[in-house]
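Colleague: What follows is the residue order along each chain.
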Amino acid sequence: DGGITQSPKYLFRKEGQNVTLSCEQNLNHDAMYWYRQDPGQGLRLIYYSQIVNDFQKGDIAEGYSVSREKKESFPLTVTSAQKNPTAFYLCASSPPGGEGKNIQYFGAGTRLSVL
Amino acid sequence: GQSLEQPSEVTAVEGAIVQINCTYQTSGFYGLSWYQQHDGGAPTFLSYNALDGLEETGRFSSFLSRSDSYGYLLLQELQMKDSASYFCAARVQTGANNLFFGTGTRLTVIP
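Quick mapping for you: the protein sequence lines, in order, are chains C and L.
Here this note's numbering is used: position 108 in the first sequence is 108, and no number is missing along the way.
Here this note's numbering is used: position 70 in the second sequence is 1070, and no number is missing along the way.
If you are wondering where the hints come from, they were derived from the structure by calculation, not from laboratory data.
All C-beta atoms in this analysis are idealised placements derived from N, C-alpha and C, irrespective of residue type, glycine included.
There could be a bad hint or two in this list.
To be verified - Pairwise CB distance ranges (calculated):
(1) C:P96 / L:T1057: 33 to 39 Å
(2) L:S1027 / C:I51: 44 to 50 Å
(3) L:G1058 / C:R111: 27 to 33 Å
(4) L:Q1019 / C:I51: 36 to 42 Å
(5) C:G16 / L:G1058: 38 to 44 Å
(6) C:A108 / L:M1080: 31 to 37 Å
Stated by the list, open to error - A few chain L residues facing chain C, derived, Cβ under 7 Å:
(7) F1045
(8) F1087
(9) R1091
(10) F1101
Bound-form chain C, shown alone (with noise of 0.2 Å):
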């Protein structure tokens, strides 16, 4: 089946320490996304990739890093310098135009928490 796989489900994190998040899709789409959503709070841009070796810096970039070295994969890494890093975090992509209409596909989510 088509679709975007989000891996793990939930994770947690140390002081310090770094953790990188999986997100992988098989549509075929050029752009991917990654958002971040606190509890009661719509979603919020971290990165975006329109095509593989790029990507762009959204709203809340500081202390997360991507990288985008194939086109199924975007794997998010969530450094020591992010102070807050407790979130549900969200993959999208969308297709080549977005159907016009930006219509963003999105994976099930990783719930990170803070030891």
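Please arrange chain L on chain C, whose structure you already have, making use of the hints.
Modeller: Relative to the frame of chain C, chain L by itself:
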């Protein structure tokens, strides 16, 4: 900056009609999308309006007025499974064709 305002919570009775409003202040506005998210789940696309007027998709309709910077999502014949959070998202042309999401409206459907 970009901002989208929605009511935080709405409660409605099963079988009724409910309207969720969204007002926006954005630059480079292209259109307004609506997404549904059940607790702990992934947001899923519901509808998109680029032009003024009403778009209907089954029990759900969405409206946009560009001159008023306002839109709404209309849900008819409410079912218990419609209990979820609903987000409006502005599509903006900032070189990356990104979406800016509102803070969401939690809809509770009661028997």
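Colleague: Take the hints in turn and mark each one as holding or not.
Modeller: Hints and how they fare:
1. Between P96 of chain C and T1057 of chain L the beta carbon distance is about 23 Å. The supplied range of 33 to 39 Å is therefore violated.
2. Look at S1027 of chain L against I51 of chain C: about 24 Å separates their beta carbons, and that is not inside 44 to 50 Å.
3. Between G1058 of chain L and R111 of chain C the beta carbon distance is about 31 Å. The supplied range of 27 to 33 Å therefore holds.
4. At roughly 39 Å, the beta-carbon separation of Q1019 of chain L and I51 of chain C lies within the given 36 to 42 Å, and the hint holds.
5. Roughly 50 Å separates the CB atoms of G16 of chain C and G1058 of chain L, a value that falls outside the hinted 38 to 44 Å.
6. For the pair A108 of chain C and M1080 of chain L, the supplied restraint of 31 to 37 Å is violated, since their beta-carbon distance comes to about 22 Å.
7. The criterion of a C-beta within 7 Å of any C-beta in chain C is met by F1045 of chain L, whose closest approach is roughly 5 Å, and the hint holds.
8. At a threshold of 7 Å, the smallest CB-CB gap from F1087 of chain L to chain C is about 6 Å, leaving the interface hint in force.
9. At its closest, the beta carbon of R1091 of chain L sits 5 Å from a beta carbon of chain C; the interface hint therefore holds under the 7 Å criterion.
10. Using the Cβ-Cβ criterion of 7 Å, the hint placing F1101 of chain L at the interface with chain C is satisfied: the shortest such distance is roughly 4 Å.
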